[in-house]
Every structure is written in C-alpha cells, then in structure tokens.
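Protein chains: 2
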Amino acid sequence: MESELIDQLRRRLPDHPLLRKGVGDDAAVLRMAGTDECVVTVDLLTDGVDFRLDEVDPRRVGHKALAVNLSDLAAMAARPLAGVIALALPRRGGLELALALYDGILPLAERYDLAVAGGDTNSWDGPLAVSITLLGQVTERGPLLRSGATPGDRILVTGAFGGSILGRHLDVEPRVDEVLLLAQHYKLHAGIDVSDGLSIDLFHLTQESGCGAELDLHAVPVHDDARRLADQLADGSTALDHALGDGEDFELILAAGPDVARRIVDDQPLGVPVTDVGRFVAEPGLWQTDRQSGRRPLPPRGWEHRLEG
Amino acid sequence: MESELIDQLRRRLPDHPLLRKGVGDDAAVLRMAGTDECVVTVDLLTDGVDFRLDEVDPRRVGHKALAVNLSDLAAMAARPLAGVIALALPRRGGLELALALYDGILPLAERYDLAVAGGDTNSWDGPLAVSITLLGQVTERGPLLRSGATPGDRILVTGAFGGSILGRHLDVEPRVDEVLLLAQHYKLHAGIDVSDGLSIDLFHLTQESGCGAELDLHAVPVHDDARRLADQLADGSTALDHALGDGEDFELILAAGPDVARRIVDDQPLGVPVTDVGRFVAEPGLWQTDRQSGRRPLPPRGWEHRLEG
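So the sequence lines, in the order shown, correspond to chains A and B. Numbering-wise, the working numbering puts 52 at position 52 of the first sequence, and it's gapless, one number per residue. Numbering-wise, the working numbering puts 163 at position 163 of the second sequence, and it's gapless, one number per residue.
Please keep in mind that the hints were generated in silico from the structure rather than gathered at the bench. Treat the hints with care, as some may be off.
Note: identical chains are not told apart, hence a pair may lie in one copy or across any two.
[Claimed, not checked] Taking lysine to aspartate or glutamate and the DMTMM-like style, the derived pairs with C-alpha atoms no more than 20 Å apart in a straight line are: (1) Lys21 / Asp276; (2) Lys187 / Glu140; (3) Lys187 / Asp171; (4) Lys21 / Glu208; (5) Lys21 / Asp224; (6) Lys21 / Glu140; (7) Lys187 / Glu96; (8) Lys21 / Glu178; (9) Lys187 / Asp259; (10) Lys187 / Glu110.
As the structure is a computational prediction, the values presented were derived from the model and not from experiment.
My request is simple: use the sequences and hints to build the entire structure.
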C-alpha cells in the first residue's frame, strides 16, 4: 500500500467503536461480540461500466461504490457495520483520484455509522476499479432473504423507477434506514434491491422463492426521469418500459402478507413512498396485468452482465 | 452477476457450517456466534502487476490471489473464516477465465476450511483484476499486531527469502497453520508477513512498534531462488540483496522475547525452519550487523507501490 495515501487516510479516517485496529496493520481487527449473524457483500465497480471517469466527478464515483454496497445490506435488512475498500488506480493522478474517491465515500460511511476498516490501494496500467466489501449486522428479525416470498404475498416497492442513467445511478440513496424501520415494525417475508431492473430483479426474487409474480402495470411508480428519458430518446420506448427495465434504481422490492402490506401502504411510514404493485403467485414466471388486456407473460428485462465464453 | 457463472459456482461451492446463506442472495449470511473479535483484510491483484495473465495458468493466479490474503490472516495469527471474491474480467473468454481462477481458489479454500461466501463478477474492457476479502477469527491469544515488538525482542523469520519472481510468488504457501501453532505454544509479541521485502516489511513493523531493528546479515536465510536469480541477472546484485529486497516471499517476521525465541529456534516446531535474524532495539531505524564491519544503517528496500500525484 502507498505510504503517502495511508498516512493521509489515517489522519482522515475517524475512530469507530467497532475498530480495535483500523488502517496500518496486515488486517483490521473488529469487535464483533454480540453479532451472532453477520452478512457480507462485495461489489466491484469499473470505469466504463458503472461510471465514466472522464465524465463525472470521482467523488460521485466513490459515493456510488459505497452506496450500491449499502443497498445490498438494505436488501438483507442488515445494519451496516464495517467495510474495506480496494482500489486499482490508473498510474497517472492516482493519489489525487484516491483521495477524491474517499471524499465521496467517507461522508456516506459516516451517515450510516460504518467503520471504514482499511483497504488495499494499487496502481496499474488499467482503468479505475473500485471494490468495496461490507459487513452488516442482522437484526433480531433475521436477515431478509430473496427466498421468503410465498404465493398470496403482496409485492411492495419503495420509490419510483426508470431513467436512472440521467444521473440517479450515481447519486444512489440506499434504503438502509427505510428497511430497518420497516423490518422493525412490520413482518416482511423477502427482499431484493433493484440494481439490474425492476422486472428482472423481481424475477430473481421469484426464482429464489420458487414462485411467480403478477405485476400490475398501472401501479408501477414511474420516475420522472423515465419520462424525461423516453422523451429524449424518442425511440418508441415508453416511460413504463424504462421503469421496468432500466435498473440502477437501488429501490427495494419487498414481499409481505396482504394485511401487513395494506398496513404499510396505509401508514406510509417512510420518507419515500411504498407502493403495492402486485402479488406473488404459485405459478412460476413473471406476469403483467392491466385493466385492458388481463394477464400476459412479462419478459424480465434489465441489465445482464454478459460473459463471453 | 452472470447467471451462468453463478449456476456453475453454486454447484461447485461446498456447504460450510459457517454459511447460513451463501451465493444467490444480495449478501451472504454468516454464523458468527462465539467470534468476539474478527479480522478483515482485502487484497486486489491486477494483471501486469501481480501476475501476467499471458504467461501463467490462471489457476495459479487464483491460488495466489487467495494465498496472499491468507498470508495477511497469518500475519495477524487469525484463523480463516470466510471470504468473498470480486472479479473484473476481460470480456473475451471471461467465463472460462473465471472458472479457471476458481479452480485455483477452491482447493486452497478447502485446505484452510474457508467458507467461500460469494462474490461479484463483472465483465469490462480492462484487464483482469481480482479482489478477495477475508474474515478471520482471532484466537484466545488475541491478534498479532505489528505494534507489539519491544526493544530486546528477537527477530524471528519463517522460511527463506529472495528470488520469488522465479515462480514462488505465484505458488504462495501462506503460513497460517504455522503461526497458529506458534501462537498456541509460544508467546509472540508482533508479526507481519513479507509481501514487499524482508527489510522494508521489518521496517514497517518497527515503525508501528516505535522501535528499531538490527538485522544480522549472516543469519538471514537466503533462498536458493535468490542465488539462482543473482546468477541469472549477473548485474552485480548478490543473493543476499535479493533476500533483503525482492519481496513476495510471504514468510513471516515475528517478534518474541529472547527466551521464547531461543525455545522456538531450539524446538523447530514447524515443517519450515524458524531462524533468529537479529533483535529489536530502542533506537528507531534499521541496522545491519555482520562480523566484519559492525553496525551500519540498512536502507529498507522492497516493493513500493508508487502513486503519481
């Protein structure tokens, strides 16, 4: 690790009650007593795929890199504990870039009381890659898995969908506080965050739960960005198309029993709207319903990170 | 994440008692009851810096990526618990490459009873980058920190040094079992693994301990590879130079009181030799001693990952 960067980080990284030993050893030492179950998640973001470094402020890149990881913790209804950050930096301007990334990371870490436990920083001839690993604490309600939805459950979503490419995909607001509040007061059965797209992530959830889902197209909250994007593109795609398939909304899809779902929707306990967009059904697959044409298959659409063989 | 790779991995990743939920959700769920302190470490390895993908079998790259992380756990005297693996894969041949990397990772994980808890896999237009994060359990003796050496302690090293570039830097044997055995039977004060170079990593340890060190040059175990490399290069560098500065030996430097150190050296309790190579002193800095010229400053040499501003 670069001693200059480490020196600067040491001065900037705040102490944290979880950290017995932070930056400056071969590994960080975390106080974990009382944490019977923890969750662990990693996301690696790369230049040209998750952001374009030549177009955006690196602080927004740092923010996004941490926020999408926090969104994974939110999907598990886990409280953020600690994280480590690994950077592959282009040789030219690497130190400056690393500090700017941390300028985006640290305020968000502080907001969620996350202990930044250290990391690994490397220079190379490739473009920027940022890998963040987070540990989260499972609450007394247990982790929220993708596999817990049952037929008859309602499909709830936070926020609105579509058009995140216009900028929201960088300025991600992870739904950590929101899910912790919901999990504390209402019985939730399953959850996933929408990274790849509303319809495909809903499909992922049904696959893990061994069921299907009917999405009420009229109920889907369409973001203003989806409308703006459809207007800008003028390629025949509708705002609803963008809401269903764009991805990187980092909102949550949740499963809850009908009574609980009704209470949540009536209470609206979050700063962000919670909307009932359909129901889970026994028959595997994804379906769309609307008032005109009844029930038809809904092809799951969204971001598929393709690998060539 | 790529569904084809995930499907293949799911079939190959063994269950593990630590894993309540492994691959296939937004995060893995780990059973941590009884783990009061854990250590966390991340290393990011990149093509062209830590390996050359066009010259080596990717299975050796996978092995190295996990082994250097295990070596960090060894430096803390921590028992491996769980790990997550993030890959940035070149688009062409990415799936094949990912599977070959896992072919190198999984046998090593199994050998150390490490739960592979999941990961993140991405394609991009850049070269291969592999980021592994490990969790380790601190034993009842506590973590072995860099900061615990005191003047008068002896400097112990495992194995021999130099010339790892001839191949050993890929086929790393992390000293996990060795340090756990030592920590169980002998009181150790401090530890670090030699990734950057024997002299510079010894220097790092003294900096954290607020002391200095005198290295007895005649006592330094020089690896046959260091001799072979000096012969091959024929550039005036000696085998000892390579032992002091080459790095990527992934042996351990340990601090222990004189009586304990003598016992360890007499007992030779490991399959690999343990050698007394000098002592920690109050005066900050690094010193070399030999029979001819007495004590002189020893400039710390080794791998410095430089960042350009």
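How would you classify lysine 187 and aspartate 171 at a CA-CA limit of 20 Å: within, between, both, or neither?
-> neither (29 Å within a copy, 50 Å between copies)
Homomeric proximity label, lysine 21 with glutamate 178: Cα distance no greater than 20 Å | The answer is neither: 31 Å in one copy and 23 Å across copies each exceed 20 Å.
Intra/inter-copy verdict for lysine 21 and glutamate 140 if alpha-carbon distance must be at most 20 Å = This pair counts as between: shortest inter-copy Cα distance 17 Å, intra-copy 27 Å.
Can you tell me if lysine 21 and aspartate 224 fall within 20 Å by alpha carbon in one copy, between copies, both or neither?
-> Answer is neither: 45 Å inside a copy and 37 Å across each miss the 20 Å cutoff.
Which holds for lysine 187 with aspartate 259 at a C-alpha limit of 20 Å: within a copy, between copies, both or neither?
-> So lysine 187 and aspartate 259 pass the 20 Å test inside one copy only (10 Å; across, 60 Å).
From the Cα coordinates, with 20 Å as the cut-off, is the pair lysine 21 and glutamate 208 best called within, between, both, or neither?
-> between (38 Å within a copy, 12 Å between copies)
Classify it for me, lysine 187 with glutamate 96: is the Cα-Cα distance of at most 20 Å met within a copy, between copies, both or neither?
-> Neither. Shortest intra-copy (46 Å) and inter-copy (42 Å) distances fail the 20 Å Cα cut-off.
Under a CA distance limit of 20 Å, which applies to lysine 187 and glutamate 140: within one copy, between copies, both, or neither?
-> Within one copy, since 12 Å is at most 20 Å while 39 Å is not.
Taking 20 Å as the upper bound on the Cα-Cα distance, should lysine 187 and glutamate 110 be classified as within, between, both, or neither?
-> Close neither inside one copy (29 Å) nor across copies (38 Å); limit 20 Å.
Quick one: lysine 21 to aspartate 276, C-alpha cut-off 20 Å, is that within a copy, between copies, both, or neither?
-> neither (45 Å within a copy, 28 Å between copies)
The structure shown violates the earlier hints numbered 1, 3, 5, 7, 8 and 10.
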